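2 protein chains.
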Amino acid sequence: MYKSKRDIGSASDTSHFNANRRISMPLLRTSISGVNQQELKEKDLIKNLPGQPPVSFKQYGGYVAINESAGPFFYYYFVEAIRANNSSPLVVWFNGGPSCSSLQGAFLEHGPFRVHSDGKTLYRNPYSWNDETNVLYIESPAGVGFSYMNNSSALENIGDKKTAENNYMFLVKWLERFSEYKGRDVYIAGQSYAGHYCPQLAQLILHNKNQTLINLRGVLIGNPGLDSNDEIYGEYEYLFNHALISPKQWDNYNKLCINGEDSGGTECFKSQWSITEQTSHINLYNIYAPICLNSTLTSKPKEYTTVKNFDPCSPEYLTAYLNLANVQKAMHANTTKLPYAWTKCNYEQNDLWSNNDRDASMIPILEELTGSGVRVWVYSGDMDAAVPHTSTMHVLRKMNLTIEKIWRPWFSEGEVGGYTEEYKNKFTYATVRGAGHMVPSDQPIRALTLFTSFIRNMPLPGTL
Amino acid sequence: MYKSKRDIGSASDTSHFNANRRISMPLLRTSISGVNQQELKEKDLIKNLPGQPPVSFKQYGGYVAINESAGPFFYYYFVEAIRANNSSPLVVWFNGGPSCSSLQGAFLEHGPFRVHSDGKTLYRNPYSWNDETNVLYIESPAGVGFSYMNNSSALENIGDKKTAENNYMFLVKWLERFSEYKGRDVYIAGQSYAGHYCPQLAQLILHNKNQTLINLRGVLIGNPGLDSNDEIYGEYEYLFNHALISPKQWDNYNKLCINGEDSGGTECFKSQWSITEQTSHINLYNIYAPICLNSTLTSKPKEYTTVKNFDPCSPEYLTAYLNLANVQKAMHANTTKLPYAWTKCNYEQNDLWSNNDRDASMIPILEELTGSGVRVWVYSGDMDAAVPHTSTMHVLRKMNLTIEKIWRPWFSEGEVGGYTEEYKNKFTYATVRGAGHMVPSDQPIRALTLFTSFIRNMPLPGTL
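Top line first, the protein sequences correspond to chains A and B. Its first residue numbered 37, the first sequence is counted upward by one per residue in the working numbering. Its first residue numbered 37, the second sequence is counted upward by one per residue in the working numbering.
This is chain A alone, in the form it adopts within the complex (with noise of 0.2 Å):
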């Protein structure tokens, strides 16, 4: 999820991002030894989720320690491949926010279960990502889901900074725990603000290449928060283009808030608060689902349960599995019982991120992975009004990119799943037709096809 990345009407700061840092790895180093990580390793097995249908492939729960004493403690799910072989690829996927859960992705998106409207049972998605790749969801930062600190400090570190360096140690760490993956093809992943965590992990990975061997090969980004300022005015270019505001609230936001002298005054923010109001209603996630009308949980099943149908109550029926103690138990996660319960974000930490990390842009960091050879790919679920296409394509407009293979329609099932265009330095774009902000919810097939060509290096299916 996503939550506004800017309060309305505050003046925006662009300074940006500091592209070049490299970690302190002295703490890194320290901190790796001196435990058996092989017994880890067996502790953190699940045995079975509770509720959940026999499947074939093993899973992972548990906690890595950043820092052994004072923490953050990260909470890691990991799914491996359901052909696992000595080679199959590692996914690293985050959910932004910033301050989400990653666990999301796992039981809402491409995980290989999703949760019954009785919250406490689970059914198959077919159309998993571990039907391709091992998948490992971490929730971070600190404070985050079942993440947290030993102290009080959490909210006082957060920020993109720390939670780059804390995810690169974390995925340092965690290959030592799982250490047949290490030099393993490496991607990492994440939708929406991870449109900042994964192109600042991957720089990392890249400025600390010698010391550490993870063959990073890709980063895949869906509705991605890049560059706010292009962000900002691609929203209500949509939420017009939609028909959600109307023609004079547009010519009003223009005018006030974009060519104005007074842009950022009274006056523009009384136009976008009506633009707030008229919206208030609608779920700008995916501004044609439902909203979730009852989040009562049922004693029994929905009938009909089918993944591609995504109900719009399934995050209520999550947060009732992740806070059963069985389950948490099998997930050997909160061990350490957490004077809170799992939410799937932390609005009170999301509110403390400072806008200059928000309003960052991420351009030099993709031209810096692209040219380095990392192959990046974003996407965008065409029905997405939190970020956008229309957002996105003006953020690819700003790089001026080099067209290699020019717009064209791509296949799944049939039918056409979006559309896509190919630039230099193996750079793609695709839309997901008929998606949202989560696109696998809305669309697992297309999601599923879309994450298999990128990861196998081949272009979109171009036929029917």
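Don't take every hint at face value.
Part of the chain A face toward chain B, derived, beta carbon under 10 Å [what the hints assert, rightly or not]:
#: 1; residue: D266
#: 2; residue: Y269
#: 3; residue: E273
#: 4; residue: F276
#: 5; residue: C304
#: 6; residue: N362
#: 7; residue: A366
#: 8; residue: S416
#: 9; residue: R433
#: 10; residue: I439
#: 11; residue: E440
#: 12; residue: I442
#: 13; residue: R444
#: 14; residue: Y455
#: 15; residue: G470
Calculated cross-link-like contacts (lysine to aspartate or glutamate; reagent style DMTMM-like; alpha-carbon spacing at most 25 Å) [said to hold, decoys possible]:
#: 16; chain 1: A; residue 1: K284; chain 2: B; residue 2: E403
#: 17; chain 1: B; residue 1: K284; chain 2: A; residue 2: E339
#: 18; chain 1: A; residue 1: K77; chain 2: A; residue 2: D167
#: 19; chain 1: B; residue 1: K291; chain 2: A; residue 2: D347
#: 20; chain 1: A; residue 1: K344; chain 2: B; residue 2: D347
#: 21; chain 1: A; residue 1: K291; chain 2: B; residue 2: D266
#: 22; chain 1: A; residue 1: K284; chain 2: B; residue 2: E273
#: 23; chain 1: B; residue 1: K344; chain 2: A; residue 2: D347
#: 24; chain 1: B; residue 1: K284; chain 2: A; residue 2: D80
#: 25; chain 1: B; residue 1: K209; chain 2: B; residue 2: D347
#: 26; chain 1: B; residue 1: K291; chain 2: A; residue 2: E440
#: 27; chain 1: B; residue 1: K306; chain 2: A; residue 2: D347
#: 28; chain 1: A; residue 1: K338; chain 2: B; residue 2: D266
#: 29; chain 1: A; residue 1: K306; chain 2: B; residue 2: D167
#: 30; chain 1: A; residue 1: K284; chain 2: B; residue 2: E303
#: 31; chain 1: B; residue 1: K344; chain 2: A; residue 2: E440
Label-pair distances were calculated between CB atoms; the ranges are [to be verified]:
#: 32; chain 1: A; residue 1: D387; chain 2: B; residue 2: L329; range: 24 to 30 Å
#: 33; chain 1: B; residue 1: S331; chain 2: A; residue 2: K197; range: 44 to 50 Å
#: 34; chain 1: A; residue 1: E75; chain 2: B; residue 2: P283; range: 52 to 58 Å
#: 35; chain 1: B; residue 1: Q74; chain 2: A; residue 2: T332; range: 53 to 59 Å
#: 36; chain 1: B; residue 1: K306; chain 2: A; residue 2: S316; range: 49 to 55 Å
#: 37; chain 1: B; residue 1: T488; chain 2: A; residue 2: T379; range: 40 to 46 Å
Calculated from the structure, these hints are not laboratory results. For clarity, every value in this text was computed on a predicted model and none was experimentally measured. Cβ atoms here follow ideal geometry from the backbone N, Cα and C, with glycine treated the same way.
Using the hints, position chain B against chain A.
Just chain B now, kept in the frame of chain A:
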């Protein structure tokens, strides 16, 4: 349905429709006399449609001769209101095209039945518009569906003017046969090219109101063709803003077709052709709907047939159903054994429709209607790229309307049904969220909410 209103690259003719004609009445007078209308009505009663579930209301079907000898002979299908009383209004429906059958409206959109995938049996649409009013579906002009001429001149006489005159005469004669509906409130409704048919028929009724008492109260038109100059730009604008064509294609269209010196020339044509190619694999009448990949009839009806999930192969089931001998017999259709099958649109006739008529602006007629106290509502399914909301908004802007109630969401079953704005003279615009060109096919409940609000002269529901 709404076939492309002009050939790509052809020059537009903007000569306007003559808004002040008056039809010749002698023909009308002579043709009414001398027939026992009550008898004809009884013969038109449909006892049961093959394969239909039981219902409590009456259905009629049959022919009305506009001219007793040569024709045209217009086929109609009429469903009485479920809660009919002596004053329940009469709604006349047209599907547009030009040259598409209104039986599509009856069996794919807002009639009481839909056709199962077996092409033989029917299921109930609980959101039928006869829940509120009596609905008369007219196949017009001659050559469309079951309507015909007695000679081969049908194709020579087509056009907006002739169609409006014949529709008017049909209505006068039909009211002789169904005389209990004389003096009732009458509403003219339709979609797509019926954006021409409906205002033109309404205007004729106004101009002839001293001669025949037809209590015209309102006009309701969905995704209507109203002003082709504005519409074409709005179509490409819609495709671009819904990520179906690339920024480059949109730039080219603007440069070569709108702002170029050579508008309408070869380069403009090429830019439009590239757009047509890129969008040829999706259904432009609902850009997010699946296309019909397998139109083979099933031996048994598909399981879980629900009116809420429109099956894209439904037009094929309807075509099979309406060509069954027992169905035609029960409906009193095709009594003269036409040498061709029922089809949803007559594309040959559509091709012969003059560009003068297609390109005529309906704005003067709409202004005449609202100025005469006729309630006019225009609605747009927001997933339609054929006559998209962007096009309709350009037409509304051109009308320079005086806003009486500003843009706001309206509600149906607890969800946002769309957005609406009200103007001076009882003129209302409304979008229907999540609907394509055939609004009641995609959103039957929202369409019924809109329809009943229109008929009852109530604002669209403003709260959850």
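Taking the hints in turn, this is what the structure says about them:
1. D266: Nearest chain B Cβ about 13 Å off; hint violated.
2. Y269: violated (13 Å)
3. E273: At 8 Å from the nearest chain B Cβ, E273(A) passes the 10 Å test, so the hint holds.
4. F276: With a closest approach of 8 Å, the F276(A) hint holds.
5. C304: violated (18 Å)
6. N362: violated (34 Å)
7. A366: With a minimum Cβ separation of about 34 Å from chain B (threshold 10 Å), the hint on A366(A) is violated.
8. S416: For S416(A), the interface hint holds, since the closest Cβ of chain B sits about 7 Å away, which is under 10 Å.
9. R433: With a closest approach of 6 Å, the R433(A) hint holds.
10. I439: holds (8 Å)
11. E440: Cβ of E440(A) sits 13 Å from chain B, so the hint is violated.
12. I442: holds (7 Å)
13. R444: With a closest approach of 7 Å, the R444(A) hint holds.
14. Y455: holds (6 Å)
15. G470: holds (5 Å)
16. K284(A) / E403(B): Holds, at roughly 21 Å.
17. K284(B) / E339(A): violated (46 Å)
18. K77(A) / D167(A): holds (22 Å)
19. K291(B) / D347(A): Measuring from Cα to Cα gives roughly 44 Å; hence the hint is violated.
20. K344(A) / D347(B): Between K344(A) and D347(B) the Cα gap is close to 15 Å, so the pair holds against 25 Å.
21. K291(A) / D266(B): Satisfied, since the Cα-Cα distance of roughly 23 Å is no more than 25 Å.
22. K284(A) / E273(B): holds (18 Å)
23. K344(B) / D347(A): It holds: about 15 Å lies between the C-alpha atoms, which stays within 25 Å.
24. K284(B) / D80(A): violated (51 Å)
25. K209(B) / D347(B): violated (37 Å)
26. K291(B) / E440(A): OK: K291(B) and E440(A) at ~22 Å, within 25 Å.
27. K306(B) / D347(A): violated (44 Å)
28. K338(A) / D266(B): violated (47 Å)
29. K306(A) / D167(B): violated (42 Å)
30. K284(A) / E303(B): Answer violated: K284(A) to E303(B) is near 34 Å, above 25 Å.
31. K344(B) / E440(A): At roughly 42 Å apart (the allowed maximum being 25 Å), E440(A) and K344(B) break the hint.
32. D387(A) / L329(B): 24 to 30 Å: violated (47 Å)
33. S331(B) / K197(A): 44 to 50 Å: For S331(B) and K197(A) the Cβ distance comes to about 57 Å; the hint is violated.
34. E75(A) / P283(B): 52 to 58 Å: Between E75(A) and P283(B), where Cβ atoms are some 55 Å apart, the hint holds.
35. Q74(B) / T332(A): 53 to 59 Å: Holds - the Cβ-Cβ distance for Q74(B) and T332(A), about 57 Å, lies within 53 to 59 Å.
36. K306(B) / S316(A): 49 to 55 Å: violated (44 Å)
37. T488(B) / T379(A): 40 to 46 Å: holds (41 Å)
The structure fails hints 1, 2, 5, 6, 7, 11, 17, 19, 24, 25, 27, 28, 29, 30, 31, 32, 33 and 36 (numbered hints given earlier, in ascending order).
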